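Engineer: One letter stands for each residue in the lines below.
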Amino acid sequence: MLNYIIRRVLQSVLVLLVVGLVAFAMFRFVGDPVDNMLGQERTMEDVERLREQLGLDQSFVVQYYRFLEGAVQGEFGISYRQGRQVSEIIAERIPATLELAAVSGVFALVLGIGLGVFTAIRRDGFASNAIMTLSLIGVSLPTFLIGILLIYLFSVELGWLPSFGRGEVVQIGGWSTGFLTQSGLMALILPSITLGLYQMTLIMRLVRSEMLEVLRQDYIRFARARGLKQRAINFRHALKNTLVPVITVTGLQLGSIIAFAIITETVFQWPGVGLLFINAIQFVDIPVMAAYLMLISVMFVGINLAVDLLYVAIDPRLRTEGKS
Amino acid sequence: MALLEISNLTVEFPTRRKTFVAVNKADLTVEPGQIHGLVGESGAGKSTIGAAVMGLLDPPGHITSGTIRFRGEEISGLDAAAMQALRGRKISMIFQDPLTSLNPLFTVKQQLVETIQEHLGFDDAAAAARAIELINRVGIPDPEIRVNQYPHQFSGGMRQRVVIALALCSEPDVIIADEPTTALDVSIQAQILDLIKELARERQVGVILITHDMGVIADTTDKVTVMYQGEVVESGATAQVLGQPDHPYTKSLIAAVPRPTVKLNRFPLISYGGRVTEFHIEDLARNWPSTEAERGSALLEVAGLTKRFLQKAALLPSRREFFTAVDDANFEIRQGEVFGLVGESGSGKSTIARMIAGLYPVDEGSVRFEGQEVTAGRRGVPDFYRKQIQMIFQDPYSSLNPRMRVDQIVAEPARHHGLLSGEPLQARVSELLDRVGLGADAGLKYPHEFSGGQRQRISIARALATQPRFLICDEPTSALDVSIQAQILNILKDLQEHLNLTMLFISHDLPVVRQMCDRVGVLKGGKLVEVADTEDLFARPQHPYTRDLLSLMPKLDGLSNEGLAVA
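Quick note, the sequences are listed as chains A and B, same order.
In case it helps, my numbering puts the first sequence at residues 1 to 324.
In case it helps, my numbering puts the second sequence at residues 1 to 567.
Read the hints as simulated data drawn from the structure, not as lab findings.
These numbers were taken from a predicted model, which means no experiment stands behind them.
Some clues are possibly wrong.
Unchecked claim - Computed list of lysine-lysine pairs in DSS-like fashion (alpha-carbon distance at most 25 Å, straight line):
hint	chain 1	residue 1	chain 2	residue 2
1	A	K229	A	K240
2	B	K251	B	K493
3	A	K229	B	K109
4	A	K229	B	K90
5	A	K240	B	K251
6	B	K25	B	K197
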């Protein structure tokens with residue numbers, strides 16, 4: 001068991017090192033940032049000074065070592081565009097993205113699993129058929145279109161909810177939260193739905209099909225023959241067996257909620273890291289791009305690790321090695 | 001008053017085209033302490049009766065007429081809540097497959113406690129104590145430790161004991177056991193049946209034992225009801241029904257049961273209901289290549305055959321752990337004979353077959369075919385040998401590709417080896433399908449349109465397509481009904497007789513082995529403990545393990561011998 005965890009952690013570190021190399025390679029191969037940072041009227045001294053300041057005059061190996069050294073401590077250098085520490089910029093932006101991702105993740109999980117179980121148990125009911133049909137919309141409409149439609153309906157026509165930004169935020173330590181003010185909470189609603197809708201429908205359809213499969217199993221029939229209540233059978237015996245395959249997909253989906261919040265953040269002008277990343281690409285702000293890449297890979301690797309450990313927690317068959 | 005009384009029960013499954021009557025006007029009575037056998041072939045409606053009593057009929061199935069009374073009170077019309085309260089509490093059920101009837105994610109204790117609390121309303125401590133007591137009562141050693149384990153940590157027989165413990169949670173009056181031992185080895189089967197007998201005797205539980213196995217019926221039940229296509233054809237005391245059957249169907253069913261005591265030339269076929277299938281293997285002999293090989297000379301020689309499977313992976317080779325599935329097996333299979341391999345599950349029968357067929361690489365030892373080295377390596381076996389061997393598998397459902405048409409399936413081996421193509425290939429496929437009794441038209445259909453027995457005949461036709469000399473049959477009939485089994489075994493006997501085919505025949509069913517094989521090897525835990533001529537082995541077993549196996553075999557002494565002479 002411990003063996004398994006150590007192996008998985010080592011694999012994760014290896015993945016991160018490879019991603020680190022890719023991120024670092026960007027510094028070397030994607031254009032010359034100095035050109036972008038200094039205007040037309042520059043002198044050679046300006047260029048040299050800036051190169052030295054940014055550490056670009058060092059050799060490849062030294063630069064890679066420095067990059068890794070910094071990355072481990074969360075330092076990715078100075079943003080070419082804003083001239084500030086990248087870690088500072090990201091720390092400023094990340095609360096917005098994480099709060100948005102958390103809300104839409106909870107939305108997707110709770111509704112996805114709930115509706116999935118419902119549509120599986122009442123498989124031929126009118127309500128489940130209606131839900132299944134509607135869920136096609138969630139799967140097939142692109143995120144930006146859903147966002148724009150929601151803005152049009154709830155902000156422009158009805159005027160109930162704000163169409164952009166985070167509303168008022170409260171600073172707690174270094175963390176800015178929108179959970180504590182009414183306008184902050186209102187501002188979260190539309191972007192969370194936009195971001196989570198696809199994941200929600202996906203989880204729902206997955207839970208439904210897995211659940212239908214599980215309900216056909218012998219141990220469910222035997223549970224009924226033992227006289228257990230239908231509710232205990234559905235939610236204790238069936239749901240837990242449904243979760244193992246659902247967790248894999250859900251874990252990856254939650255990762256992509258964070259990583260690909262870019263579109264939603266752009267549509268709603270949400271001041272998160274996704275928007276930061278888009279701007280960084282436009283200005284070839286490599287330190288920011290590299291930091292973003294590392295951040296996302298850490299999240300994916302972390303989520304995958306958590307998923308693997310969750311498997312073991314749920315399924316006892318994975319806990320014992322070999323047969324007894 | 002009878003414990004359970006089923007009278008005039010009719011169960012129907014309406015479908016879009018027509019209504020299927022699964023059970024038609026069935027009567028059955030169970031007294032306390034009595035084991036009532038319900039026997040018949042698949043589709044006879046045995047399990048449907050069990051499900052109807054439990055109120056667990058799969059929709060759209062429903063009871064259309066008749067009554068089910070429990071202690072005099074009618075239970076067939078109860079609503080869902082009342083039925084749920086009765087299920088498990090007064091009437092319990094045991095299912096066929098202990099591997100799938102327990103929830104893999106909960107410990108045995110959790111499942112027991114949940115059931116106990118549902119029915120008896122005990123608190124946690126009392127329920128846990130009762131769980132341990134139940135586990136102890138069904139004969140599982142170390143109940144305090146075992147109760148906290150998960151189902152996958154139990155063997156098949158132990159799991160079936162857990163299932164029985166679950167069925168006993170609230171001291172039910174009636175237990176419906178639906179094929180409780182079909183998935184188990186013969187020694188485990190005997191233990192489980194003893195446990196059921198003990199329950200009936202000591203606790204005066206009424207048991208309905210649903211099975212297709214005449215041996216189980218003969219050894220275990222007090223009364224028996226025989227069903228055929230939804231109808232009860234005969235019912236009475238077990239000895240009476242099996243010894244002097246009245247109804248022609250019962251007679252033909254009993255005649256088709258392979259006998260452990262006498263060797264017959266051919267299996268009697270069930271003639272009731274006009275389901276006779278004609279096949280003409282002898283007609284294939286005309287186009288069959290003849291061999292110069294002398295009957296009785298060694299065709300396949302197996303020496304020191306060993307297979308190890310990796311049990312625990314590790315980076316360092318020295319820390320890897322292996323499980324020896326086959327340990328130093330030596331035997332030969334002679335030209336034209338049927339060589340049987342018997343043993344319990346996990347004894348290495350199928351592993352040997354797969355190594356001979358080249359499906360598993362051989363770890364140690366050698367296989368020689370007509371003196372030539374054909375030991376399977378990483379790339380399988382030599383081509384010339386591959387053309388000479390074919391395999392027939394146990395499960396006729398998963399061994400045919402559902403997306404291929406039957407004629408493509410049968411043609412594939414010959415096409416793969418480049419033996420035939422075009423017109424001659426089509427002609428051979430049609431001939432084969434016709435000779436195994438399916439008719440050439442069967443080639444245009446897909447596997448799902450056929451029954452289990454018909455599919456197994458498709459498998460045989462496929463195996464014959466390359467005109468092989470050596471067939472490996474891995475439990476070819478254990479998924480089939482007794483009448484269908486008789487048919488398939490007769491075809492295999494014809495293959496040996498008319499086409500001079502040599503066969504390796506793997507089975508756990510000793511009576512079948514006695515009927516089919518010329519010589520037999522007995523496997524125990526990967527080791528070949530005894531090889532002997534079949535008649536010698538059954539008459540004078542040498543190894544203690546063989547004697548054990550033979551003693552556990554149902555004797556079927558009381559079975560009527562009517563119909564056997566005809567065959």
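Engineer: Confirm or reject each hint.
Structural biologist: A quick look at each hint next to the structure:
no. : hint            : in the structure
1   : A:K229 x A:K240 : holds, 16 Å
2   : B:K251 x B:K493 : holds, 23 Å
3   : A:K229 x B:K109 : holds, 18 Å
4   : A:K229 x B:K90  : holds, 15 Å
5   : A:K240 x B:K251 : violated, 49 Å
6   : B:K25 x B:K197  : violated, 29 Å
In the structure shown, a violation is registered for the earlier hints numbered 5, 6, in ascending order.
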